[in-house]
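Student: Count the first sequence with numbering that gives the first Met the number 0 and you get residues 0 to 488, in order.
The set of hints was computed from the structure by calculation and includes no laboratory data.
Misleading hints may appear alongside valid ones.
[Stated by the list, open to error] No farther apart than 30 Å at their CA atoms in a straight line, the calculated lysine-lysine pairs in the DSBU-like style are these:
hint, residue 1, residue 2
1, Lys7, Lys20
2, Lys171, Lys117
3, Lys302, Lys170
4, Lys239, Lys387
5, Lys239, Lys363
6, Lys277, Lys302
7, Lys141, Lys99
8, Lys170, Lys80
9, Lys277, Lys239
10, Lys239, Lys141
11, Lys117, Lys141
12, Lys171, Lys141
13, Lys277, Lys363
14, Lys80, Lys7
15, Lys117, Lys20
16, Lys170, Lys117
17, Lys20, Lys239
18, Lys277, Lys171
19, Lys171, Lys302
20, Lys68, Lys170
21, Lys68, Lys20
22, Lys170, Lys141
23, Lys7, Lys141
24, Lys170, Lys99
25, Lys141, Lys277
26, Lys80, Lys99
27, Lys302, Lys239
28, Lys68, Lys80
29, Lys68, Lys99
[To be verified] Here are the in silico distance ranges between beta carbons for each label pair:
hint, residue 1, residue 2, range
30, Ile446, Ile173, 36 to 42 Å
31, Gly274, Leu485, 39 to 45 Å
32, Val191, Arg10, 54 to 60 Å
33, Glu77, Glu16, 51 to 57 Å
34, Gln320, Gln154, 45 to 51 Å
35, Met273, Thr295, 22 to 28 Å
36, Ala474, Arg153, 18 to 24 Å
37, Gln299, Ile173, 18 to 24 Å
We put the beta carbon where it would ideally sit given N, CA and C, even for glycine.
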Amino acid sequence: MRRHRLEKLERIRARGEEPFKFAFSRTHLIAEARALFEEAERAAANGGAPVEIPAALAGRMTAMRSHGKSAFADLRDETDKIQVFFGCAQMGEAAYETLKDLDLGDFIGVRGAVRRTKRGEITLFADACEILTKSLRPLPEKYHGLTDVETRYRQRYLDMASNPQVITVFKKRIQVVGVLREWLNAAGFLEVETPMLHPIPGGATARPFITHHNTYDRDLYLRVAPELYLKRLIVGGFDKVFEIGRCFRNEGVDTRHNPEFTIMELYEAYQDYMGLMKETEDMLAEVIEAVIGGPTFTYQGEKISLERPWARMTLHDAIRQYADIDIEATRDRATAAALAESVGVEVTPTMGYGKIVDAVLAAKVQPHLVQPTFLYDYPIEISPLAKKKRGNDALTERFQIFIARLEMGNAFSELNDPIDQRERFLEQIRLREAGDDEAQFLDEDFIAALEVGMPPTAGLGVGIDRLAMLVTDSASIREVIFFPQLRVL
RNA sequence: GGACGGGUAGCUCAGUCGGUAGAGCAUCGGACUUUUAAUCCGGUGGCCGCGGGUUCGAAUCCCGCCCCGUUCACCA
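Work out the full structure: start from the sequences and follow the hints.
Tutor: Next up, the structure:
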């Protein structure tokens, strides 16, 4: 098949035409040409005269229906597709003959007029057609498209070229980021960029990727979160900042996790977690609604309503309600483990009190959190960067937001007491020495920053990929990442 | 890492009891000036994921491995 296409390539060159052109002056995008035509049609509806819009369009040819002395092709660009009519009489015999050298998948430029066919289809009637880029490999089947999941991910360009709805999904993802950025700008947050190469990985409980810098001859870590640098900016004098960017965690891969993913983190001085909860509610509701175009949507068969106010409950109330155990009543690890196991949650010997609570949350509570729900007041053991709750040293002022069972965000009143922060880091080091390789490292410079003084601050992290999953009704994170991580073949 | 499912033509998929490897689309040749999954006639196209075993004979049965998906474990 490739051989046939190479022969056509040679024929095109032989008649003096370049099969890999440099540019083409199109007058419209396909969607623009369609809109213009329909508008002209409406305007002419009273007069009754047939409408015709001159146009030069370019795109990939995705179908060809040839009838001897005439042919119909489908032309697709980023915005839409349109039918093209080639008639031997209109184009001239010589030009019509050159259509034989076209293949599905070629990029072509077509000049002519947009009209309706007898059957009512908006169609570009071609006066001239030139090949812009010869395609040497066949596109997947026109009807079913490409469905093999592995090929779809490994060769995303084929996926997009043969499944237009994939492009729609990614456009929505792009829109999510755009709308979110607009919201944050309007709310007075400044967008910043902080390092991705960290000498000490921090800001989240996760294993890092390690890399090496030759000039300084030292190992560096790909960031697991921008958190500690963003807080340094608050120390320095910024009041409201955010960053949207890639994080890397050396962890497992499944439908909700990719080793590299995109996070939005924001920090707001003089704010606490309850104030931020309200802002988070407004931000997510407004962003999601703007992208989906309404206050309700369906995710994986379940109807989700964005109507505010969203549900709010403490983590321990949620556990009491859904797991029917009062794990808050104890601070003893063994008792908590027994309680968790009594409701079928598996507990391993390395899990501390906090992780046991977290496991109960994941197994018994999270499956119920279909409508948007805030859980707040998390155990101190699993929140080493969050401020202690006023009046309860066992808890932190922290919340998570769940929508459609997906954890969409995590936030807290930021711990700004450097002495407390040091103790929390030391506890993490004890966990690490006990074998927890996800425990956080002690970052002396970060402590030094807190000693300089960070105003009261609330911070939030939102998983952009999961937000994209939500608005595109995608069951897997790989559907919203252009090139998801797969095993190298 | 465990369990389950999958890997056959460029793509989407059949393949019975172990007996010459199949269809549709794409592609090539032919017919056709209003089709839109165009239609009609004829052809080309295979490391049946990889390696080993059983057998006269393996896409098919057995063993090992690779890759993908789902799920559990793990994990912000």
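Student: Checking one constraint from the list: CA of Lys141 to CA of Lys277, max 30 Å. Satisfied?
Tutor: Between Lys141 and Lys277 the Cα gap is close to 48 Å, so the pair fails against 30 Å, i.e. violated.
Student: Going straight from one Cα to the other, do Lys7 and Lys20 come out at no more than 30 Å?
Tutor: holds (15 Å)
Student: Given the hinted pair Lys239 and Lys363, is their Cα-Cα distance within 30 Å?
Tutor: Violated, because 36 Å separates the two Cα atoms, which is more than 30 Å.
Student: For the pair supplied as a hint, Lys7 and Lys141, confirm whether the alpha-carbon distance does not exceed 30 Å.
Tutor: Distance ~21 Å between Lys7 and Lys141 Cα, so the pair holds.
Student: Given the hint that Lys170 pairs with Lys117, test it: the Cα-Cα distance must not exceed 30 Å.
Tutor: violated (34 Å)
Student: Is the Cα-Cα distance between Lys141 and Lys99 30 Å or less?
Tutor: holds (19 Å)
Student: Does Lys141 lie within 30 Å of Lys170 when you go C-alpha to C-alpha?
Tutor: Cα-Cα ~22 Å, so holds.
Student: Could you grab the alpha-carbon distance between Lys117 and Lys20 and see if it respects the 30 Å cut-off?
Tutor: violated (34 Å)
Student: Take the C-alpha atoms of Lys171 and Lys141, compute the straight-line distance between them, and say whether it is at most 30 Å.
Tutor: holds (24 Å)
Student: Lys171 and Lys117: Cα distance at most 30 Å?
Tutor: violated (35 Å)
Student: CA of Lys277 to CA of Lys239, is that 30 Å or under?
Tutor: Roughly 16 Å separates the two Cα atoms, so the pair holds.
Student: Are Lys117 and Lys141 close enough, with their CA atoms no more than 30 Å apart?
Tutor: holds (25 Å)
Hints 2, 5, 10, 15, 16, 17, 20, 24, 25, 27 and 33 from the earlier list are contradicted by this structure; the remaining hints agree with it.
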